[in-house]
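Novice: Protein chains in written order, with our numbering: chain A, 3 to 339; chain B, 3 to 339.
Incorrect hints may have been included.
Intra- or inter-copy, both count: the list cannot distinguish identical chains.
Unchecked claim - For lysine to any residue, the following SDA-like pairs were computed, each having C-alpha atoms within a straight-line distance of at most 20 angstroms: (1) K16 x Q299; (2) K266 x R223; (3) K79 x D145; (4) K79 x Q144; (5) K281 x T107; (6) K79 x E289; (7) K79 x D163; (8) K79 x R256; (9) K118 x D49; (10) K266 x Q216; (11) K281 x P190; (12) K79 x G164; (13) K79 x V291; (14) K79 x Y280.
These are computed hints drawn from the structure, not numbers from a lab.
2 protein chains.
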Amino acid sequence: MGQYYAAVDIGATKTTASVSSRDGILARVYQLTKKRGNEATVPRQVDFLIACACQQAGIVKGQIAAVGISTVGPFEKRDGRLALAAPNVCGALGGECEGRENDWTLVPLEEELSGKYRRLRIANDCISAAVAERSFGAGRGQDDLLYVTWSTGIGGGAFVDGHLLTGKNDNALHLGHIVMSYRYADEPRCGCGGRAHLEALVAGPAIAREYGEQPPEVFRRCRNGDKRAEALIQRVARVMAIGLYSAIALLDSRLIIVGGSVSKNWDLLEPLVVTEFYKQFPALTREVVLTRSQLDQYLGDMAGLSLVMPDSWIADWQETRPWENAPETTVLDPEVV
Amino acid sequence: MGQYYAAVDIGATKTTASVSSRDGILARVYQLTKKRGNEATVPRQVDFLIACACQQAGIVKGQIAAVGISTVGPFEKRDGRLALAAPNVCGALGGECEGRENDWTLVPLEEELSGKYRRLRIANDCISAAVAERSFGAGRGQDDLLYVTWSTGIGGGAFVDGHLLTGKNDNALHLGHIVMSYRYADEPRCGCGGRAHLEALVAGPAIAREYGEQPPEVFRRCRNGDKRAEALIQRVARVMAIGLYSAIALLDSRLIIVGGSVSKNWDLLEPLVVTEFYKQFPALTREVVLTRSQLDQYLGDMAGLSLVMPDSWIADWQETRPWENAPETTVLDPEVV
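Generate the whole structure from the sequences, applying the supplied hints.
Specialist: The following block contains the structure:
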């Protein structure tokens with residue numbers, strides 16, 4: 003009998019589940035992440051999606067050796083078990099943001115799910131992305147790497163001395179929430195309520211807010227010589243570089259891997275980021291390499307899976323790259339559960 | 003025959019060496035750190051001071067089981083071995099600062115010293131302070147702690163998930179060099195050449211620069227109701243709190259231990275730091291505890307020693323606290339070597 007592993011990606015918008023055997027990804031399904039109901043709604047949705055993926059793969063849930071969940075944070079621990087805290091999936095403290103019409107302050111993910119599978123490992127989506135990039139992407143063989151997503155939000159995951167940083171509540175590398183200006187009274191407000199956070203200055207919504215168009219259009223105009231778009235992209239690239247430098251000053255990484263939707267424009271961004279980055283303290287920056295994520299579009303499947311995949315599979319998967327041939331995601335009716 | 007360990011503290015101003023047996027610190031000596039000569043001058047000074055401490059302790063160098071060196075950074079690696087880089091002990095890139103009248107770009111500490119002792123471990127002074135605080139000070143039993151020195155400079159050392167962060171060149175936790183304002187053109191310049199670094203805004207010299215008196219006098223005036231001193235101390239405490247918060251956003255520590263000469267005024271600083279700190283992202287800050295270093299004045303001996311002390315000694319030392327009864331340091335003539 004073969005071994006099967008399930009991977010789940012809980013995003014602020016959608017939640018995906020997939021099932022893999024040693025040969026590759028057998029099935030995957032998704033729904034919009036539920037925003038109404040009670041605190042157990044999202045965990046139940048996760049369990050339901052795993053069951054759907056199993057059904058499509060022709061196995062039963064009991065055959066799953068382990069489930070790896072990659073999820074938006076932040077976390078809190080309740081009775082020692084990981085729960086999602088506000089904002090993002092929880093609405094209670096994020097009243098200004100649309101689409102979070104709930105009064106949840108915690109979603110008890112581990113408490114609700116830990117009894118349902120033989121093994122369960124939950125991590126922040128950027129921390130699990132760092133694991134995936136180190137196993138299968140741009141970070142292979144690197145003991146000191148920082149993965150950063152530059153997308154609707156800014157987040158990170160890091161290995162230092164070969165050790166994956168998690169922290170007391172598994173909230174390490176909340177890079178989007180470092181403060182970029184101590185004179186922050188007039189700076190933009192972040193989704194978490196803070197001001198001058200890196201995320202509030204350079205993430206996709208910040209670009210849209212400053213220009214009045216969505217980031218893909220801003221980048222298109224930048225490529226076409228629009229001066230206002232160019233100035234904005236230069237500014238966000240410079241601020242991002244300073245944020246990355248501050249992270250390096252703390253972590254002394256050798257490699258920075260940048261992923262996420264904004265970083266699809268890496269050809270434009272890289273020279274701007276690199277120029278500012280290397281202006282900073284030479285002893286700390288000169289040996290650092292910046293590169294683009296290699297797994298970017300596959301992280302929804304590979305981040306969670308990398309948390310639990312047995313070591314004996316890794317060499318095979320590095321060679322055959324089955325994530326590139328995953329079956330099409332089946333869209334499930336959001337009202338099914 | 004007993005076991006002996008040597009500890010060295012290389013500071014920008016002075017260098018101390020001590021020798022300990024299981025019963026306590028047997029001898030310690032210091033000199034002003036040499037700023038002239040060649041790249042091997044400081045390593046030779048270290049070796050000389052260890053020999054002097056051995057002589058005072060009535061042993062010979064060959065009886066030393068291991069040497070732990072706690073030193074100002076930053077580091078670079080030459081042929082894989084740790085060397086001190088500019089600025090601080092090296093003068094080549096720090097021409098604006100007095101007392102570094104040398105053209106050294108690297109001091110090859112590990113290369114010069116590694117063959118001379120049975121075992122050698124070198125770490126940044128704040129990283130080794132974190133080890134000492136976790137073994138003997140305010141961080142006992144803590145797996146997620148951040149040690150910060152608030153002194154002539156700002157530096158840090160951290161354990162995350164019980165792992166001591168070192169990084170690719172052992173430069174982790176250069177907290178003083180994170181950027182506190184992305185609009186930095188008009189901000190004060192740091193000793194490293196950067197602008198708006200935490201160290202340039204809140205360390206002792208920044209306080210002196212802003213007020214025109216040395217920090218102890220500024221704190222004295224603050225206690226006596228001097229409004230300008232009060233406003234300055236409030237400002238630096240607020241900026242420090244924001245820097246500590248940014249570090250916590252990356253490390254998810256449970257405990258922050260503050261040491262260093264400025265922090266001797268913790269009674270004044272703590273309420274100011276704490277107020278600003280807890281204003282930041284609640285999910286990341288609410289479980290964090292800030293406390294004062296317990297080993298502060300003893301770190302010169304205990305930081306280096308903690309790097310190499312055998313585990314079997316730790317419980318004894320925790321109980322008997324021999325660092326409190328160390329012999330007087332003997333001042334050696336700076337021209338002896």
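Novice: The structure should be examined with respect to each hint, and the outcome stated for every one.
Specialist: Going through the hints against the structure:
1. K16 x Q299: Classified as within: same-chain Cα gap 14 angstroms, cross-chain 54 angstroms, threshold 20 angstroms.
2. K266 x R223: within (15 angstroms within a copy, 55 angstroms between copies)
3. K79 x D145: between (28 angstroms within a copy, 16 angstroms between copies)
4. K79 x Q144: between (30 angstroms within a copy, 17 angstroms between copies)
5. K281 x T107: For K281 and T107, the Cα distance is within 20 angstroms only across copies (18 angstroms; inside one copy 42 angstroms).
6. K79 x E289: between (37 angstroms within a copy, 10 angstroms between copies)
7. K79 x D163: between (26 angstroms within a copy, 15 angstroms between copies)
8. K79 x R256: Answer is between; shortest inter-copy Cα gap is 13 angstroms, intra-copy 31 angstroms.
9. K118 x D49: So K118 and D49 pass the 20 angstroms test inside one copy only (8 angstroms; across, 61 angstroms).
10. K266 x Q216: Within one copy, since 14 angstroms is at most 20 angstroms while 51 angstroms is not.
11. K281 x P190: The answer is between: 16 angstroms across copies meets 20 angstroms, while 25 angstroms in one copy does not.
12. K79 x G164: For K79 and G164, only the inter-copy Cα distance (18 angstroms) is at most 20 angstroms; the intra-copy one is 25 angstroms.
13. K79 x V291: Answer is between; shortest inter-copy Cα gap is 16 angstroms, intra-copy 35 angstroms.
14. K79 x Y280: between (38 angstroms within a copy, 18 angstroms between copies)
The structure is consistent with each of the numbered hints, conforming to all of them.
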